[in-house]
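Dock chain one against chain two, each of which comes alone in its own frame, and use the hints as you go.
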Amino acid sequence: MHISEGVLSAPVLAGGVLLAAAGTAVGLRRLDYDRLMTVAVLAAAFFVGSLIHVPIGPVSAHLVLNGLLGAILGWAAFPAILVALALQAVLFQYGGLTALGVNTFNMAFPAVLCHFLFRPLLARGGRSAGVGGFCCGFCGVLLAAVLTAASLAATDEGFLTAAKVLLAGHIPVMAAEGVVTALTVGFLSRTRPEMLRFGRTG
Amino acid sequence: MFEEPFAEGDSPVHAFDPRVRLAAVAAFSLTAALLRSPEAAAAALALGVFLAAFARLDARALFGRLAAVNGFIVFLWLFLPFSLPGRELWSAGPFTATAEGVRLALLVTLKSNAIVLVFLALAATCGAATLGQAMYRLRVPEKLSFLFLFTYRFIQTVGEEYARLRTAARLRGFCPRNDAHTYRTLASLLGMILVRSFERAERVHKAMLLRGFDGRFTSLREFVLRRADVVFLCLMLAATAVIACGDAIWRTLYD
Chain P
1 MHISEGVLSA
11 PVLAGGVLLA
21 AAGTAVGLRR
31 LDYDRLMTVA
41 VLAAAFFVGS
51 LIHVPIGPVS
61 AHLVLNGLLG
71 AILGWAAFPA
81 ILVALALQAV
91 LFQYGGLTAL
101 GVNTFNMAFP
111 AVLCHFLFRP
121 LLARGGRSAG
131 VGGFCCGFCG
141 VLLAAVLTAA
151 SLAATDEGFL
161 TAAKVLLAGH
171 IPVMAAEGVV
181 TALTVGFLSR
191 TRPEMLRFGR
201 TG
Chain W
203 MFEEPFAEGD
213 SPVHAFDPRV
223 RLAAVAAFSL
233 TAALLRSPEA
243 AAAALALGVF
253 LAAFARLDAR
263 ALFGRLAAVN
273 GFIVFLWLFL
283 PFSLPGRELW
293 SAGPFTATAE
303 GVRLALLVTL
313 KSNAIVLVFL
323 ALAATCGAAT
333 LGQAMYRLRV
343 PEKLSFLFLF
353 TYRFIQTVGE
363 EYARLRTAAR
373 LRGFCPRNDA
383 HTYRTLASLL
393 GMILVRSFER
403 AERVHKAMLL
413 RGFDGRFTSL
423 REFVLRRADV
433 VFLCLMLAAT
443 AVIACGDAIW
453 RTLYD
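So the sequences go chain by chain: P and W.
Take the first sequence: its position 14, counting from 1, is numbered 14 in our numbering, and each next residue is one higher.
Every number in our numbering is 202 more than the matching position in the second sequence, counting from 1.
No lab work stands behind these hints: they were computed from the structure.
Across the chosen pairs, the derived CB separations fall in these ranges:
#1 W/428 - P/11: 31 to 41 Å
#2 W/289 - P/58: 31 to 41 Å
#3 W/439 - P/57: 47 to 57 Å
#4 W/408 - P/154: 39 to 49 Å
The C-beta atom is built at its ideal place from N, Cα and C for all residues, glycine as well.
In isolation and in its complexed conformation, chain W is listed as follows (with noise of 0.2 Å):
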């Protein structure tokens, strides 16, 4: 139902040890949102291109998710560049674009596609049932990776519901328009989703309780780190220590 298109693959990103890579992508991610020089960012970008590229990732699922997080990118570039006081570049009207506007704006471009890139290189090449191993194993609190997972299970199930329903109610001919019937269907069809959910959560546990469950996790899952692992998770945070670096000496030079 819901496809991780960048989860499976060959690549060398792909062997690191996902604690190794989750731990670059939290520490990358943090020192690439707070820049605040396009230089460093457009560095950040950089390297983002080239994990991608070392991950190997399927080019057009990577154009289609880069796409979906550029729509409030562009959204922001329709106010930005006039709403900020500076020196003017060009004006039409009453709408005047100025220098600042445009370098804020294209900082958050840089900044934002920077991330996502490296996120998708590192973190959605793991996988989501793998991310909450790691997470179970990098110490966030034991509920809350416990709960990541299941979430995960039920997506998938409750997916599959939904998609179920839909069919169902197009056959019978339903196509949403503006009226109070489709308001009706679209609620009640909710309204079925969220009652089998329950009932599911309710079987699910009973089935739990019934195998001993004790409130722990066991996953027969083993994490190993390698001499390549720590070399990678050095590099990375070599590289994320460069940029900052970069960035902060840039803005004493300039601003």
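Bound-form chain P, shown alone (with noise of 0.2 Å):
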């Protein structure tokens, strides 16, 4: 899912910091010091659960968590998923310096959209809670992967091939995430309900 340094025209990569920048200080300046931490921890948390691997018939893919991490956090999830992704580069190399701004909005902006279109499912815990889980995991996947092979496309018409390739590649992680967000958002509702309605000032 990340796009290497190196790979993207200049007007995509300007594009991506300034949708990113965006976004990051709306993220910040809704964030208070009292938050801060649980912000942090639960961007942590965003990092090592993309290291959690789910078997999909004979392969397996690692989770990507962004629409989970957009229904708790709103607006927040764009500073999180930047430092995440800032960290993920430097202690890995996955992604980079240049496509930061890029990458950070293919994920972050699913993030917020998944959090304004599915949180009141949520909130209403049981069934329905369940459905609104299963809808972040695969839109918060979806979403991503259309803008990161709308990214590619967006820089030259040869990249076009890969793009299309990437995007179905994608169909069954988007599956997978969806199930097991709806589990996990299971979980949650029945454990600690309070943190899905974490972000509700945000």
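This is how it looks when you write it as structure tokens:
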């Protein structure tokens, strides 16, 4: 899902930086110091959660978790994802400095969208929370894959085929992410339902 | 849990001021990402190889990281040469590789590896904690550098939590398969990580308030700018500028 350094064109990189900076500015402004620690821990959980591999048929894929993170954090998902991706760049060299803006926007914008679309479902609890969880997981990955494919396609027509294959390859990942997120939300609403109402003010 | 194999070392690069290294990485990465001729990108890659050797990076860890980065590049090589119209190089069935396609794939490969090498040599040699402090001094928004430092700190604890839960599941005979049980177990595992992280955040926050936290991050670390740091920064900026000019000249001459 991460686009490596040196792949995208200048306009796409610049657009990514601008959009990510705007989102991060909004996220930071709405984030007070009382909630900073929680966002840091959840960003770390997001980082670690992406190491969990889920078997899908003969292969396995790691969780993305941007939908769930967005549902919990709201706009604060922007700085949280920015920081998690920066750490992945420093520790594993996934993504990188110049692609940071594009990668952040591609993951965080779907997260914030999930927050506004599916949060009422999650807060209701019970079966609708499960449905909301599935939608968060599925749409989070779907939109992120669409945005990533679009960034590639907008860079050069030569990337079009690769972008289409990337998008198609992520369809099973969306389904797996949806199922796991639905089950995780069910777990959270049974054990710590207040977590699902955390970002209410944000 | 998450090792930083390049952070420790006694090379000249490790001794440079982290702020200088971060600034040099930013300038080089931005320039290299915008190169459009493979020839200039090859020069950038040469600079990357030189810096990696200068920083005496551990070769095994280095090749491991480069392999991970080039996975995406290999994926692009499967499609790029066949996706651009242009002069035909060779064809098999419906697939035709063009010189333009190969040139673009080559350009992307050179740029990507050049940026990663320079990043490894200059930024990864700082370690994440030092980078966070350098960001703070380079006037990155306070809350953001704060978030970076604390997320880095929590990655270790949350990662250990995950390893513990994983071991506990394995001891009970859990092995991932394609069934509902696997999905439910992984979801509970993830849920448990989130719940414990949430509780940890509350504890840490209260502990910090008790110690008089007022939103400012104080660090004992002082950065000192020496003459060697300034010389290094100037050299890096000059090399970056030469590569950028070379790219522009090459394009006007041959395109």
